[in-house]
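Q: For the record, the sequence lines run as chains G and L. Heads up: the first sequence begins at 1 in the numbering used here, then just goes up one per residue. Heads up: the second sequence begins at 1001 in the numbering used here, then just goes up one per residue.
Keep in mind that the hints were calculated from the coordinates and are not lab data. The structure presented is a predicted model; accordingly, all values stated were derived computationally and were not measured. It is possible that some hints are incorrect.
As the list claims (entries may be wrong) - Here are the simulated lysine-lysine pairs, DSBU-like style, with alpha carbons at most 30 Å apart:
no., chain 1, residue 1, chain 2, residue 2
1, G, LYS7, G, LYS115
2, L, LYS1296, G, LYS115
3, L, LYS1296, G, LYS117
4, L, LYS1275, G, LYS117
5, L, LYS1275, G, LYS115
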Amino acid sequence: MEVPILKQGEFLIATFQADLSDADLENLRRGLVQQVVRFRSRGVIVDVTAMDVMDSFASRTLREIALIIRLRGADTVIVGIQPEVAFAMVQLGMTLEGVATALDLEEGLAYLIEKFKNID
Amino acid sequence: MAKRDGSTKDSGTRNNQAAELTLSEAPSELLRELVAHLRQNRTQLREEWVVRISETRLLTAMTKEEIFAEATSVYDSYVEALETETFEALQAYARNLSERIIPRGVETHEVVGIVLLLRDVLARSLFAKYQNDFKKLNRILDAYEPAANRIANTVAVGFVQERERVIRQQQEAIRELSTPVLQVRERLLILPIIGVIDPQRARQLTEQLLRGIRTNRAKVIVIDITGVAAMDVTVANHLVQTVEASRLLGATVIVTGLSPEIAQTLVTIGVDLGKMNTVGDLQGGIEQAERLLGYKVMAVAEPR
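Okay, chain L solo, but in the shape it has when bound:
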């Protein structure tokens, strides 16, 4: 190996064209040498990497043993990716790893950080090995750096994608959970809204409510927004639209539980609430709805 490398170096100094030719052939050759080096020094380099990880206080959510175990598999996948120059296995591993560590609160910067650390540790060992042969070192780095960067990229992207997938999944779960349309009496529906309303959710709420009015043949709807912390112009206007759309289906809407802050905000931003029927709390709203529907609720005995 050393001999052949010596000859390519010679041809490189002899003329440029030849140098280019050998360079285009060289990387795979060099990578193989590189991989052999990394395999040989696996224990020591891995050790060093783990030390660097704990020094920089990354992955604090994991125990030392866990870090070591993960470091071993990452190291091996890393070397394998370098060797085969295929990134699918590494990608799958990155996704798998992310799946395991995201629930434990590992942050993006930590994952990117440890991969960059590994890159640095390996680069240092290359410097140490080839310090006497500057040209060779250069070529080795030429081969190593693009591959290493691509690996770092793959892992980081894999992590972020997994995170986004989790976020999307949770958003969907929240969305499905959070929009019940409940019938409390014949022709009386309650729509309790809890949490943050974004335009998409507001739209979904409206659709669900309008469908609910139709299927339950509702005449009065109480929308309770006690659980809504804040409201902006878009959402407020959406609420007004919901009230109007419900009216087109022949139903009356009563809005309850407007907090002082929201009421203040709505008045300040000048949303037209003239068309909205508002009552202080949910109980009052239901009582008003019962009056509209002609119910009269009364106690027939003392509570037991």
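One chain only, chain G, in its complex shape:
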């Protein structure tokens, strides 16, 4: 299932569905990296609320997305990680180091807006 990427002002929002294959994740990464430059976006929000399992591939891909997008000149924030998922992730050593996180979409937007307010 393709992950839809929505443009919202200066930001891009990608919302994960419940069961994504590895290929879907690859497509998402490619899509986001292209569109962030095409739309001249300043921030990307990846919403993983629907994921109740996070395997190492998904976790690594999320981190790569964030790092690549930074190289493309925008910021990424991962939102909506479930408490159980968060705990399972750190137990497996997948801590998304260096990647911004927020509780939910609202918080993520607030984080990015706050961040750019300081820069402008």
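Given the coordinates of chain G, assemble chain L onto it according to the supplied hints.
A: Only chain L this time, still in chain G's reference frame:
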């Protein structure tokens, strides 16, 4: 009774097969005789047992009268268990007794001790009664010993089970009491940890905290471990994991109240605390959290 026993003894000496047959029939017969003997001498044997209990300084937590009262019921249940060869009633009694005496600090060795004493007292009286008839004594003991051992076992197991039940219950109570997640300001949670943290409790703390972050939409959490006396590698790593998991939910954790000993231990065992935000005491932690949240607290008047 004596006559019949005489005849079984005779057949026993006559040939082995017959002896085996009578032996397999004999125990219930013998037990009945035994029970009759114990009933007859109830007062004296019970007396003797109580004397032995106080001599060996068991059950010091109980008064003489209490010991006597309990001894009477134990004695009667004991004889009943011997008679009926069913242990349910005794088991129930043992559980009931344990329930009453555990809160008074009676130890396992005391309970096992008094039951073994009773066994010895009764065995002695059997020796005294049958000392002239060695073979009969042997058979009586054959019947008595397994039953007596089973009784001792039942009582001891009943006591230990009851104790474990109490311990489990208390552990649960402690666990429920000891993990509050408190909101002190909008989006600021405090998690005061007191007492010993074992891996299970650490896990529960984390789960509760992560759920708390979600429901309260918290941005900053102050974990205060002033009340934690000691910390080992497992728990320290768990704390680090908790901090990281909270970050994945978009919250910042501040750890306060690390005692000098714990700080020393953590450095010595090489736990990576680089990711942890630490402040000396709870007050400092709350002030730091307020700064992070953009609060500014100031006095508007002199304290009254």
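Q: Each hint needs a verdict: does it hold in this structure or not?
A: Outcome of the hint check:
1. G/LYS7 - G/LYS115: 19 Å, holds
2. L/LYS1296 - G/LYS115: Satisfied, since the Cα-Cα distance of roughly 21 Å is no more than 30 Å.
3. L/LYS1296 - G/LYS117: Distance ~21 Å between L/LYS1296 and G/LYS117 Cα, so the pair holds.
4. L/LYS1275 - G/LYS117: 27 Å, holds
5. L/LYS1275 - G/LYS115: 22 Å, holds
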